[in-house]
Every structure is written in C-alpha cells, then in structure tokens.
Amino acid sequence: MKRKFFLLLPALLVLICLLAPVLAPWDPNKADPTIKFAKMSASHWLGTDYLGRDIFSRVLWGGRRTMGYAALVTAASAVFGTCLGMLSGFTGGVFDSVVMKGSDILRSFPGIVLVLIVVSVRGVGIGSVCLAMLLVRWIWYARMARNLTRAEMGRTAILASRLSGSSWLKILRRHIFISILPEMLPVLSLDFGGALLAISGYSFLGLGILPPDAEWGMMINDGRNYMEHPGMMLWPGLCVVFIVISVNLLGDRLRDKLEVRRS
Amino acid sequence: MREAQGNTLLEVKNISKTYQSRKRQPVYALREVGFSLQEGRCLGVVGESGCGKSTLCRVIAGIEKPDVGEILYQGEPADHRKIRSSLQMVFQNSMDAVNIHLKAGKILAEPLENFTSLNRNQREQEVERLLELVGLSAEDKAKYPRQFSGGQLQRICIARALAAEPKLLLLDEPLSSLDVSVQAQLLNLLSDLKKELHLTCLLVSHDLEAVYYLADKLLVMYGGAAVEEIEDIRDICALTHPYTRRLLEAGELETESGEAGQKDEGILTEEKREYLAASFREGCVYAGHCPRAERKCFLERPGLVEREAGHRIACHFG
Ligand SMILES: Nc1ncnc2c1ncn2[C@@H]1O[C@H](COP(=O)(O)OP(=O)(O)O)[C@@H](O)[C@H]1O
Ligand code: SF4
Ligand SMILES: [Mg+2]
Numbered sequence: 001m002k003r004k005f006f007l008l009l010p011a012l013l014v015l016i017c018l019l020a021p022v023l024a025p026w027d028p029n030k031a032d033p034t035i036k037f038a039k040m041s042a043s044h045w046l047g048t049d050y051l052g053r054d055i056f057s058r059v060l061w062g063g064r065r066t067m068g069y070a071a072l073v074t075a076a077s078a079v080f081g082t083c084l085g086m087l088s089g090f091t092g093g094v095f096d097s098v099v100m101k102g103s104d105i106l107r108s109f110p111g112i113v114l115v116l117i118v119v120s121v122r123g124v125g126i127g128s129v130c131l132a133m134l135l136v137r138w139i140w141y142a143r144m145a146r147n148l149t150r151a152e153m154g155r156t157a158i159l160a161s162r163l164s165g166s167s168w169l170k171i172l173r174r175h176i177f178i179s180i181l182p183e184m185l186p187v188l189s190l191d192f193g194g195a196l197l198a199i200s201g202y203s204f205l206g207l208g209i210l211p212p213d214a215e216w217g218m219m220i221n222d223g224r225n226y227m228e229h230p231g232m233m234l235w236p237g238l239c240v241v242f243i244v245i246s247v248n249l250l251g252d253r254l255r256d257k258l259e260v261r262r263s
Numbered sequence: 264m265r266e267a268q269g270n271t272l273l274e275v276k277n278i279s280k281t282y283q284s285r286k287r288q289p290v291y292a293l294r295e296v297g298f299s300l301q302e303g304r305c306l307g308v309v310g311e312s313g314c315g316k317s318t319l320c321r322v323i324a325g326i327e328k329p330d331v332g333e334i335l336y337q338g339e340p341a342d343h344r345k346i347r348s349s350l351q352m353v354f355q356n357s358m359d360a361v362n363i364h365l366k367a368g369k370i371l372a373e374p375l376e377n378f379t380s381l382n383r384n385q386r387e388q389e390v391e392r393l394l395e396l397v398g399l400s401a402e403d404k405a406k407y408p409r410q411f412s413g414g415q416l417q418r419i420c421i422a423r424a425l426a427a428e429p430k431l432l433l434l435d436e437p438l439s440s441l442d443v444s445v446q447a448q449l450l451n452l453l454s455d456l457k458k459e460l461h462l463t464c465l466l467v468s469h470d471l472e473a474v475y476y477l478a479d480k481l482l483v484m485y486g487g488a489a490v491e492e493i494e495d496i497r498d499i500c501a502l503t504h505p506y507t508r509r510l511l512e513a514g515e516l517e518t519e520s521g522e523a524g525q526k527d528e529g530i531l532t533e534e535k536r537e538y539l540a541a542s543f544r545e546g547c548v549y550a551g552h553c554p555r556a557e558r559k560c561f562l563e564r565p566g567l568v569e570r571e572a573g574h575r576i577a578c579h580f581g
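These protein sequence lines map, in sequence, to chains A and B.
Each residue of the first sequence is one higher than the one before, counting from 1 in my numbering.
Each residue of the second sequence is one higher than the one before, counting from 264 in my numbering.
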C-alpha cells in the first residue's frame, strides 16, 4: 500500500501538469506588477513571483514543458538506440564495430560541450538542447540493446525459431525484442530522470526554454535573485526533486522485480 | 535387417566441420562423417560430450553449413530453405529452447504461422491437438514455460517440432536433462509418435539403453569421427571398436546434463584439443586413449570400412 502510494503521488503530479491548460487557474505568463511577491492565498495558491505571475499556474505549465521535453528526448533516444543496438548486435561484424566505435567517440564528448556546439550553430532554444541531448542519449540504449541481443542470440530458442521457419525480422520482433524489453525498462525510467534534470539544468543556464514561458529549471533560476521570497524557488525545486527521486525509485523497483524474475 | 528396404531419406556424405577455439586452435567437430538413413528408421548416435553430436544435428538441420561434404535429402542435395519443415529438431535443454516470455500456445503457433495457411481459429485448434498429441492438455496453452516441469516443457518442444509435420526428426539428447522416470515416459511417447506419424528419427543420446529402445541402427562417434556403425541395433554385442567396447562395459556414457560445463572442460583440455588436431592430420582419433593402440595407429588413420554385412568400423585392429 505504502509502495503504491509512492507511485500514485508522482503520477498525480504528472497528470495535473499535463492538464495544465485546463487546470491552471491563471495565464502563466500574465504579469501583474500590482500583486508581485503575493503570499499564498485562495486566488494564488502558491503566491506570485517578481512579475506578479501566478506560481501555481507556472509550476503546472513548467512541469508540462519540462517533463514533456524530457519524455520526448527519452522516447526518441530509446527508440533509435534500441533499434540500432538490436540491429548491431544481430548483424555483428563490420556494422557492429562501426556502430560501437562511433558511439564510443560520441560518448567521449561531455554533454555540455555538445550543447554549446549545437547552440552556437542553431542558436539558443529548447530545440538545440533536445538535439544535443539526442546526440548522446541513444548510446546508452544502443549499447545495452546490443549486448542483450548478443546474449539472446546465443540461446537455442533462436535456432528453434529459425527451424520453425521464422524470418529474421520476426525473430527480432517476437523473440529478441520481447526478451530484452524487461531489461530495458528500468533504464528507461532512470534515463527519464536524467533527461529531466538536464533540461531543467540547461534552462536554468538560460540555454533551453526561453522566457517568458515557464520551465522548472528557469523558474528556479529566477528565484535565485529573490532569496527573500523562497516560494519562487521552492515549488519548482520540490517538483524536480520529487519527480527525479520517484522515477529513480521506480527504476530500482523495476530492476528488483527483474532480479527476482531472473532467479 | 529390419525394414531396410525402405527408401533412403537422408544421406550424409563425408561432412567435416571445423570451429576455432578461443585460442584460435582448430576444433574438429566433425571429420568426414557419413551415413544413410532409410525412411521410417531411427539412427542412434552415441559418443561422449564434445564429440560432435550436436554439430552433426545442426548441420543436418541446416542451421550450420558443413565445411565440406554433402547432405542428400530424398536423393537430392538438401536445399534447407525448401525442406525446412521436413527437418525438425528437438534440443537438449528445453528451457533454453523456448522463449520464456511467450505462452505455450504462442510457442506452438509459430511454426503453424510460418508453414501453414491456417487462420487464427484453426491454428488455435491445431495447437490444442498438438498439446494432446504429446500428452498434455489443451488448457496448457495458456501457461508460460516456467509453469511447466522439464518433462512437460520437452513435450512442448516435441510438439513444436511436430507442428511442422516433419519427415525427419532430429532429437539432440532430448532426455538428458530429465529425471529417469520422466525419461522413460518421454521415451514411450517418442516411440508411439514415431510409429503413429511414420517418423524417421536421429536420436542423439549418452544413454545406450534409451538408444537401444528407440533406435534401429547405431553410430558411435569419437572426436568428431564416426568410429563404428551397425545396421541392426540388436547386434549391439557384436561391436568391436575399442572405444565402443569401453562404452558397453561402462554401461552408460558420461552423463552430459548438469555438470556438462565441467565435463567439457575435463574432456577437452587445450592439450587434448592439440592432440586431436594432430591426430586429425595423422592417426586414429582414439589413439590417445586406446588400450590397443600401436605405432601404426598414430601414423595412419583408419577409414570406416565394412567388416561384415551391416557392420562398419574404423580401426586397424578391431
Ligand atoms: N560455435 C562453436 N564454436 C566453437 N566451437 C564449437 C562450437 N560449437 C561446438 N564447438 C566445439 O565442437 C565440438 C563438438 O561440439 P558438439 O557438437 O556440441 O558436441 P556434443 O554435442 O557431442 O557434446 C566441441 O569441442 C565444442 O567445443
Ligand atoms: S586404430 Fe588403433 S588406436 Fe584406433 S581404435 Fe583401432 S586400435 Fe585403437
Ligand atoms: Mg550436445
């Protein structure tokens, strides 16, 4: 029961953030200098920021953006990396070594350097940040999918499937993908947390989402200048920490389940 | 000779297969192995772990290509893409031979999807029929592999092989990872199925008793080579090759299940591999362990020659 609760709460937060357009009581970008730094009240549940914008509405909209882009990057890198990794492990040989060497080289770039390069080419913006993140994030999936695929290929089940007349595509789909999926899920969950932190971090640095749009990392950065009004930093900060811890816990639980199933 | 007049279904001609060991030494898994198998008969293949029995099955099934040699199926060079469904194989370790994430029904449906034009409902019925054919119940199709015992899962593997309606069934130690009592049940099942479906079989086993029960003829392998062959397994006592004599006296070959890994290590040390490599070029494969080995044995390799009708042996003195 307690464990379910641990998943229910973050799920609820995700849900209300997704429903921000419906649920947010105020326009998140509407400034009203007459009420700046308002305290928590019935109309502004979490108060207002230095421009008099409703913090609650901005937290919801910010979450929608932060988590949305994190999910997008994670999903895209997972799909691309897994497909490439499976193909690489499956074909082996030259293709495999090229993919693995290429990913090694890309992996040796620190993420921030890639972001700076992409930003200097394409300009500041969330698109550049996502692109730079995609460039390296697929590697993790590709390596894992590749190694799991190689292990799976050694099983007699694959020979049996060939004898049953299945095409390579069918073997990849029906046997290899299904077998490696449970091993990939914890990674997916952990990686989502990482992507979320990165998006917030780059926006915090002013490289990602641009003002006036709300984003958790950027809201924290805004709050830094007004330490005497901790609400501006507190709420988005709590949300980031809460979501990251939750997905990490989820990842660990998925991993534990996997261990149990293996033994 | 029993039923020897049947048509020759499978002819294996001098196939050799060499692997590379981790230290880049050649491993001669098969050396010029040849035999023929008539329709409806069952060939038993015995030999210690690592002597190339599984490789022989894989090559015949077309999962692996021999380096040299030829496989004739119904008198023609086997094109495995065309005869895929006619040659099916049952593997030693049933747990490794199925996808543990799929239900039994789905496992059995795979060959049906590929080899037949049955629709979903018909496949469902066929799956149930197959389950009952191998002594399981139709409801078992909803179970996952982990919910079956080893014997039951091996029955499912047999059913999967039969789903393709094969003519030739290759059984690669189908019993060796099972309890003795379960072995007996499966042996009975195989014997019934063989009669009922007019199967031609190749049974690999380390258990001479099992082979004697199911097989009509016998091939003894050592170090990748066929060392002795008899057409009628009832003449088993007439076998004279020194290695076969050792097997017969021991009653049973070294078991392969369970401690297979260790056994492999023990039997195929690097030294032994080198020795095997050397003897491939020169002497008899068994010379290193043969109590009757003489100088000639190390210099000259005996071919498999007919000693009497229906009895071939590869030994200078046997
Ligand atoms: N894929 C492979 N790569 C390298 N060596 C192999 C491979 N498959 C089999 N061998 C070697 O070939 C020999 C014969 O193996 P195998 O046919 O499995 O023997 P058996 O089934 O009689 O135990 C063994 O020495 C084994 O180590
Ligand atoms: S040929 Fe020589 S070494 Fe080989 S089995 Fe016969 S007696 Fe033994
Ligand atoms: Mg074997």
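It is worth saying that the hints were derived from the structure and are not from the lab.
Treat each hint with caution, since some may be false.
Unchecked claim - Result set (DSBU-like, lysine-lysine): computed pairs, CA atoms no more than 35 angstroms apart in a straight line:
1) B:Lys-559 to A:Lys-170
2) A:Lys-101 to B:Lys-369
3) A:Lys-257 to B:Lys-345
4) A:Lys-101 to A:Lys-4
5) B:Lys-345 to B:Lys-404
6) B:Lys-366 to B:Lys-404
Unchecked claim - Derived coverage of chain B by chain A (criterion: at least 3 residues anywhere in the stretch with Cβ under 8 angstroms from a Cβ of chain A; other residues may be distant):
7) 320 to 327
8) 332 to 343
9) 496 to 506
Cβ atoms here follow ideal geometry from the backbone N, Cα and C, with glycine treated the same way.
Holds or violated: are the alpha carbons of B:Lys-366 and B:Lys-404 at most 35 angstroms from each other? 6 angstroms, holds
So if I understand the rule, the pair passes when the alpha-carbon distance is 35 angstroms or less; does B:Lys-345 with B:Lys-404 pass? 29 angstroms, holds
Would you mind confirming whether the straight-line C-alpha gap from A:Lys-101 to A:Lys-4 stays at or under 35 angstroms? 42 angstroms, violated
Check of the region 320 to 327 of chain B against chain A for coverage (Cβ-Cβ below 8 angstroms, three residues minimum): holds (count 3)
Can you confirm whether chain A covers the region 496 to 506 of chain B, using C-beta to C-beta distances below 8 angstroms and requiring at least three such residues? It is violated, with 0 qualifying residues against the three required.
Holds or violated: are the alpha carbons of A:Lys-257 and B:Lys-345 at most 35 angstroms from each other? 44 angstroms, violated
Is B:Lys-559 within 35 angstroms of A:Lys-170, Cα to Cα? Measuring from Cα to Cα gives roughly 54 angstroms; hence the hint is violated.
For the region 332 to 343 of chain B, do at least 3 residues have a Cβ located nearer than 8 angstroms to some Cβ of chain A? That given contact is violated, which follows from only 0 residues of the region 332 to 343 of chain B lying within Cβ reach (below 8 angstroms) of chain A.
Hint check: A:Lys-101 vs B:Lys-369, CA-CA at most 35 angstroms. Holds or violated? 38 angstroms, violated
Comparing the model with each earlier hint shows violations of hints 1, 2, 3, 4, 8 and 9; every other hint is respected.
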